[in-house]
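Two chains, two frames, some hints: make the complex.
In order, the protein sequence lines correspond to chains A and B. Mapped onto full-length UniProt numbering, the consecutive letters of the first sequence carry residue numbers 1 to 354. Mapped onto full-length UniProt numbering, the consecutive letters of the second sequence carry residue numbers 1 to 520.
By construction, these hints were calculated from the structure, which means they are not laboratory data. Positions of the beta carbon are idealized from the N, C-alpha and C atoms, including for glycine. Incorrect hints may have been included.
Said to hold, decoys possible - The following residues of chain B were derived to be distant from chain A, with all beta-carbon distances above 10 Å:
id, residue
1, 24
2, 25
3, 144
4, 296
5, 433
Unchecked claim - Heads up, incomplete: computed chain A residues facing chain B, CB under 10 Å, no partners named:
id, residue
6, 93
7, 96
8, 97
9, 194
10, 205
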Amino acid sequence: MTRSAPGPSRNLPQYGALAAVLLANWLLFPDFFSIRLQDGRLFGSLIDVLNRGAPVALLAIGMTMVIATRGVDLSVGAVMAISGAVAATLTQAGWGLLPVLAASLGAGLLCGLWNGLLVAVLRIQPIIATLILMVAGRGIAQLVTEGQIVTFTSPGLAFIGSGSFLTVPMPVVITAVLLGVTALLVRMTALGLMIEAVGVNRLSSAGAGVNTPVVLIAVYVWCGLCAAVAGLVVAADIRGADANNAGLWLELDAILAVVVGGTSLLGGRFGLLLSVVGALILQAMNTGILLSGFKPEFNLIVKAGVLMVVLLLQSPTLTLFLPRPAGPRPAQPPVRPPTPPRAKPESPSPSAGA
Amino acid sequence: MTDPTPTASSPLLAVRGLSKAFLGVQALDGVDFTVRHGEIHALLGENGAGKSTLIKTLTGVYQRDAGTVTLEGRTIAPRGVEEAQRLHIGTVYQEVNLLPNLSVAENLFLGRQPMRFGMRFGLVDRGAMRRRARAVLIPYGLTLDVTAPLGRFSVATQQIVAIARAVDMSAKVLILDEPTASLDAQEVAVLFKVMRTLRSRGIGIVFVTHFLDQVYALCDRITVLRNGRLVGERRTAELPRLDLVAMMLGRELEAAAHRIAPPVDDAEEDARPPLVRFRGYGKARSVEPFDLAIRPGEVVGLAGLLGSGRTETARLVFGMDRADRGEAAVDGQAVRLRGPRDAIRLGFGFCPEDRKKEGIVGALSVRENIILALQARQGWLRPIPRRRQEEIADRFIRLLDIRTPHAEQPIQLLSGGNQQKALLARWLATEPRLLILDEPTRGIDVGAHAEIIRLIERLCADGMALLVVSSELEEIVAYSRRVVVLRDRRHVAELRGGEVAVDRIVAAIASESVPVEPRP
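Only chain B is shown next, with the shape it has when bound in the complex (with noise of 0.2 Å):
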């Protein structure tokens, strides 16, 4: 692997060949990993890098199986979070991992608080405590009430609270796991100086995010990991944004995707009127603003990194998560879509990202899920007469080739590409005008996979309108006649046409924080 550039002082913390696997999985493969001393390094990756089983075992939450870890020369095996800690390695996660019940001097000194009459059986030395609170904050510019609940503080706050805590238990190395992720942009300008100060004494800083900007404005060094191995470190300055994307997705840049979607007139296309129409719609601390028109017969893409958006849109257009702007149009006429059953009313269906929490009802039957959604339109006062549950649930069970012993096998013991596409089979019974999936294809096996691209192929042609989020370019340069491209909970770009390729859309993800106007 890329051998880091070798630097004047020995690094803080060492990862050699570190690997870890769960029931056979190899979840971390021969991993190396260095931070030096007062540093900024993020560790980028996409779902199932290794980021956070790396993370895991530097905490000692996970042992590992192979592999060196040492923390200025010496070697560490920590076997928790409290022994990390000892061994002066912190961490914060996003979800702060405090007690918002207790007071903010609590929160700072919990299990280690100021005693008197003995360390052991004494009191806790509350004069003592609050005041050494207020001492420990001033340098991260905090001054506030430390015997009010931490709970009763912004995010941000109670982050910062975090780091301190981590910082004066003598952290030497602080690891950050998505701090920013519910963030708005001030906290973060906040939280940024912090880790600045952090940097400049000496502290070496793992910083996990999904946010490119911020890797470019804050880090100074970058790791990337994909598949459980390591892909690459590399200096930030040297880094082009383009490479890092591409090193994060693994994708050979001058491999033009191959493309099915038939070439169509972009002209004559943009004339006939959208289906559904969103301007200046969006949700705060979800999704900026962005407009879509779909047409009958489209398939639109939503491409991005991890956490880009891209989920958020969809559930937005779906009415799972409410908008707080912008406005929604069907068929020319304004809508309102408050919920589900506003959006299934106007025929849209939604298969979630997550399959197994919000979309399969997973004790029911197969054929149960298949109807749900089309009883759920009916009403409850007009049940699906049972003979024709069964001629439906037959029906899709042939067409979409679902493999179950029969209808009334519950869907949980079906395995993932066939709950999807009982799914799918769900959202064709209402024969949907469009539909929403939210990587359709994630977790399901080779055949199924190309089943469910054939699928969405095949109802794109008899003139349904589809809006498909994926992680999987070729994916979604294959079927795609537009793609929208996300960064940073932005709608950054949209490729139509000759530019719909695996390149432009890296190139558009990589691309400097310049907000490219929407078309039409």
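Excised from the complex, chain A in its bound form (with noise of 0.2 Å):
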């Protein structure tokens, strides 16, 4: 799936910043790795990371097809408040469970669709057509809401946030099947090439043939059905839809997920766990600040220190520094060596944690 990675040696800086935020984690809160079972679901720490970065790495999911193309989708955080408003206003209504998460990811899907097709059909650059909805989507998740935060209690729904599948969170069984299914779409179809052929080149692609506005298209709509999923899962955790907040500033923890990631803003190759992992990332950190009882005003400081580090480490400019491997440097932008002779000192390597 990640064929951006021939080896382990390219995708060293996101597990080893996963790794490392973890051992950091369990340094400052020797309990982080317990896990124990309870009412048939699992708990602890580590869970608690996966259930919580859920629905950041629902939308990176999506958002790194996107990016792929060399495009950007701002607009995911408003369709997570709709898809929630959508499904937690006809819950209340009485629609049944079903038709209530066909209208919601539907409402996704046609977001999508509208960003894919001001993006491929009139051309308007991504991050510009995708702003549109962006302000537009909570607006029109409030008029959906009619303005109140609506809640419900249905059990159904509510399972979607809170219940489990043999003991595993359902957010996080969600997110491994979406996962699953998409990489599966993209690398058992030819989409994975078409998509990375766009990012890199369109109009090369388009005079070989490829469909450029379909693939773009796709690309939008599955973000968008992405999306949408986040929004339920969200919603169907507080067991509410908040037009306002659900999904406030996400599509900017998507981005970020993405690019810790490693997949370039400036398209081509993509790598879908790495993506997920990159969401891990963020959800680790965010989780470790809240254990460690720093003062909240050093978060999201922390938060973009270690940030920077990762993104560093990935930066071909910062490699030229870097001791170099004995032989000449390779031609290939970003490739970390796999040991590098010294640690540096900013390095978040496994072995400084213990």
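So, in structure tokens, the structure goes:
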């Protein structure tokens, strides 16, 4: 699935960062890795990271493919609000679970279609095209909920947010399933190749016969669907829809997760699993900072610092300054040497924490 | 080099021994160039001749390595466009370098607005600016709303405003870089009138163009550059077109080109049904309507100077640009080419001139680049299995001798020739019936060059139809059964059989604009 990653060395920054953050959490909070089974559901800080990280991970799955086409989708947070508002409002109106899910996901698909048409057919720059729905989407969600915070008690819908399947919390299961389905969809078909081709060079791809508008629309539609799923998970978790705050600023976390995962904003190669790892790094940091009892004022600073390190480790410019492995520097850009001769002080390598 | 005929008046602008190199590549090598008062001087040359380097050195974009530039006897060395402008050298580019969102008046006086209350920190005197703008434009026959944004007017009007600005800033030398490239005939006429008026006022105009008819209609003298060197300066009246084209292309016209395409019975050939046939096919402002038929196992060459409509023809045939007139047929069936996907479905393939921008998908591997068109045609739901992809890639890497460490190498790391071969492989993998090649050998080393020509001949022998654009006339003559010659966006001649020879092509390019009826 992660064809961007021929060897493990290339993904070292991501997996290393995740390991380092988890280890740091463990140092601050010795019970961090303890997992217990209670009422047929797993509990523990690690499970919490997975569970709380699910919405951003879901967004990151769709966002990865949009970014791979050299685009970006700023509207995912607003789409979450719309899908949550639709689900809560219809549930309260007495609809059954399946129609509610269909309507909610359908709303996400429509939002994605709108973005896709603006980008692919009207050729509006993605950042501007999706900004429209980012702004308008919250308004639409507020119209759906009529400005209220709509709550519901339907156990069926709530199960999506707080239930569990084979002891694993539902948000984690849903994320894993969506990741698997998406990976199958892009890697078992030729869609992945076309997405990467369009992202690297839209003109050349069109000249080779790639149906670039359809590819672009497809990724935005899928991104809308992922956002709708994330919106459902959040609404189901809190058993209500808050049109003003659901998914607020999460589009930025999702973009960050994708970038931390190593997919370039310039398009091309993408790794779905790595984006999910990126989302988990973000969540592990959030959880760690909460557990550590740092003053909340420090939270954002610490987060920014760790992210900078992860991104710097991927930067081709920085790799130039790192001690080189023997032999001429490879012409390929950001391949990091598997074992740097000297550990850099800021490197979050696992050994530093042990 | 050819000494310019001595004139009574001293030259306005004299360039002597100008040299400029970029990273060791000599873009200009000891070039002399003279512009006199009140003349329109054509600066001509093919790709890489050094025209734009010369202009940019004159306007201060580049600094010269050696040589002198004197304007009315005074040595100048501008360090920027603004300084050049102050030294009385004004430039107008094809893509007008003004600000479309500002008004006509603002564009005319940008950076030198009439001020109230002091020049440095005063306020712009808008009333005075408007009045002066109207006055400035009157000699050009332009009466328009000078407060309207410039972008609202046609390119021709914008160009005249740009000229007016340059002249009003006391330009003595006015450089027009392909001003007519995006104008229609009527707009060209207006522009020419302006240029003639300026000439009569003693301004020296340097005119860069690809349209030979315009050169002969307007210019007093011609300077031809080739490969960074001066070929010669001539009076237009004393230079037959044929000699001009020969100067630009650098060919010995007597030398009959060696021809390797097998002689064929033309009558018998023409009886064969064509694979594709275009009738009255064309696109406004791109290429005039043309007729074209290509038969299986036949190479048709498209020859002409840069900007003559060769590439435009190739792009229309592949559907990269959409024709707005005429009809196309494949196997006698009418077809519509709304885009490359239509063309590919019909069995066409196209290797574009700009490989990097429109051909390769740089960051993807050689394998992915080779199978891309085949995969796109099959659709995303029918992926080519990885094993099969590797087989295809390896086969073509062997067959075309693509030099790459392995099929997974990003294609952007390959040399130009190997990129071109990979692009050819992309199309060959789709087993095309018609392959369109736009400058297939440009920027390619000698070895790969010969291989690609051999490949063209082999494909043709296998029954494929080929349409090849090339600036290399020997090359075109070597493999083409027929050659379509273009000039000024028009198909002006079709040579076949024994007529296919370099001197005939050059003669057709140089011919007066009497439209030659294309034969069916």
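The hints, checked one at a time:
Consistency note on residue 24/B: stated as away from chain A, and its beta-carbon is indeed over 10 Å from all of that chain's, at 21 Å minimum. Here residue 25/B stays apart from chain A, with its beta-carbon at least about 22 Å from theirs, past the 10 Å limit. Every C-beta of chain A lies more than 10 Å from that of residue 144/B, the closest at about 31 Å, which supports listing it as non-interface. Remark: the non-interface label on residue 296/B is consistent with the geometry, its nearest Cβ contact in chain A lying 22 Å away (cut-off 10 Å).
Here residue 433/B stays apart from chain A, with its beta-carbon at least about 15 Å from theirs, past the 10 Å limit. At about 38 Å, the closest approach between the beta carbon of residue 93/A and any beta carbon in chain B exceeds 10 Å, and the interface hint on this residue is violated. With 10 Å as the threshold, the beta carbon of residue 96/A stays out of range of chain B, its nearest partner Cβ sitting at about 33 Å, so the hint is violated. Interface restraint check: residue 97/A against chain B, minimum CB-CB distance 31 Å, threshold 10 Å, status violated.
With 10 Å as the threshold, the beta carbon of residue 194/A comes within range of chain B, its nearest partner Cβ sitting at about 6 Å, so the hint holds. A distance limit of 10 Å between C-beta atoms decides the matter here; for residue 205/A the minimum to chain B is near 6 Å, and the interface restraint holds.
Going through the hint list in order, the structure does not satisfy hints 6, 7 and 8.
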